Amino acid sequence: MDGYLAILIAKKAASGFTLVIFDWASFATSRQGLLQAEIMVVLHLAASLALLAIEVPIFKIHLGLVSRNELAQEWKHNIHYIANGTSQGDSIPVEDLDDDEYNDLFDKGAFIYDPTRNPWDKGCSMNCWNFWCWPRWPAGEKGEF
Numbered sequence: 037m038d039g040y041l042a043i044l045i046a047k048k049a050a051s052g053f054t055l056v057i058f059d060w061a062s063f064a065t066s067r068q069g070l071l072q073a074e075i076m077v078v079l080h081l082a083a084s085l086a087l088l089a090i091e092v093p094i095f096k097i098h099l100g101l102v103s104r105n106e107l108a109q110e111w112k113h114n115i116h117y118i119a120n121g122t123s124q125g126d127s128i129p130v131e132d133l134d135d136d137e138y139n140d141l142f143d144k145g146a147f148i149y150d151p152t153r154n155p156w157d158k159g160c161s162m163n164c165w166n167f168w169c170w171p172r173w174p175a176g177e178k179g180e181f
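Start counting the sequence shown at 37; every next residue gets the next number (this note's numbering).
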């Protein structure tokens, strides 16, 4: 996942840089009267914005998973989440809810992440440090099978 996250970060940086460059290029070509170049720049800008609209939600999900030290499978099944105001009371694990109540609370966005339910969550800064800066293999490991 860290390789994918690095790619997303690089694409975000490139997209932001692209927006600045093409804004400048659009301004520069408009002063010279190059209609075809302006159209291409605007089309490229629109494509860059569309790409950003797709990538930003994915990037947010990955940042959340890393900051909580949570696997995508755990997040998908709400393993470390609780719900308040249920028919069973407050701080009820989400997986203990019946289907109808689960669906109602899910639609309301009422699930709350509970770090005490995740034994691997060491806090946002430590989770990020361990994910990006801590080796995942012994020093002598060469990656051979």
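Incorrect hints may have been included.
Distance windows between CB atoms, simulated [what the hints assert, rightly or not]:
| hint | residue 1 | residue 2 | range |
| --- | --- | --- | --- |
| 1 | R172 | I45 | 15 to 23 angstroms |
| 2 | M76 | W165 | 15 to 23 angstroms |
| 3 | A73 | N166 | 19 to 27 angstroms |
| 4 | A83 | I115 | 34 to 42 angstroms |
| 5 | I94 | C160 | 14 to 22 angstroms |
| 6 | A108 | C169 | 17 to 25 angstroms |
| 7 | I115 | V92 | 24 to 32 angstroms |
| 8 | I90 | C164 | 46 to 54 angstroms |
| 9 | M76 | I97 | 28 to 36 angstroms |
| 10 | V56 | W111 | 43 to 51 angstroms |
| 11 | C169 | K112 | 47 to 55 angstroms |
Since the hints were derived computationally from the structure, they do not count as laboratory data.
Because the structure is a prediction, the values reported are computed rather than measured.
Ideal Cβ placement from N, Cα and C applies to all residues, glycine included.
Quiz item: Should the hint that V56 and W111 are 43 to 51 angstroms apart at their CB atoms be regarded as holding?
Solution: For V56 and W111 the Cβ distance comes to about 34 angstroms; the hint is violated.
Quiz item: Are M76 and W165 spaced within 15 to 23 angstroms by their CB atoms?
Solution: 43 angstroms, violated
Quiz prompt | Cβ separation of I115 and V92, checked against the hinted range 24 to 32 angstroms | solution = 25 angstroms, holds
Practice problem: Indicate whether the distance between the beta carbons of I94 and C160 respects the range 14 to 22 angstroms. | Solution: 19 angstroms, holds
Practice problem: Note whether the CB distance of A73 and N166 lies within 19 to 27 angstroms or breaks it. | Solution: At roughly 48 angstroms between Cβ atoms, N166 and A73 fall outside 19 to 27 angstroms, so the hint is violated.
Self-check item: C169 versus K112 beta-carbon gap, inside 47 to 55 angstroms or not
Solution: 27 angstroms, violated
Self-check item: M76 versus I97 beta-carbon gap, inside 28 to 36 angstroms or not
Solution: 33 angstroms, holds
Quiz item: Would you say the C-beta atoms of A83 and I115 sit inside 34 to 42 angstroms of each other?
Solution: At 38 angstroms between Cβs, range holds.
Practice problem: Could you check the hint for me, namely that A108 and C169 are 17 to 25 angstroms apart, CB to CB? | Solution: Holds, at about 21 angstroms.
Quiz item: Does the Cβ distance between R172 and I45 fall inside 15 to 23 angstroms?
Solution: Roughly 19 angstroms apart at Cβ, these two residues keep to the hinted range, so it holds.
Quiz item: Do I90 and C164 keep their Cβ atoms within the hinted range of 46 to 54 angstroms?
Solution: 24 angstroms, violated
The structure fails to meet hints 2, 3, 8, 10 and 11 from the earlier list, while all remaining hints are met.
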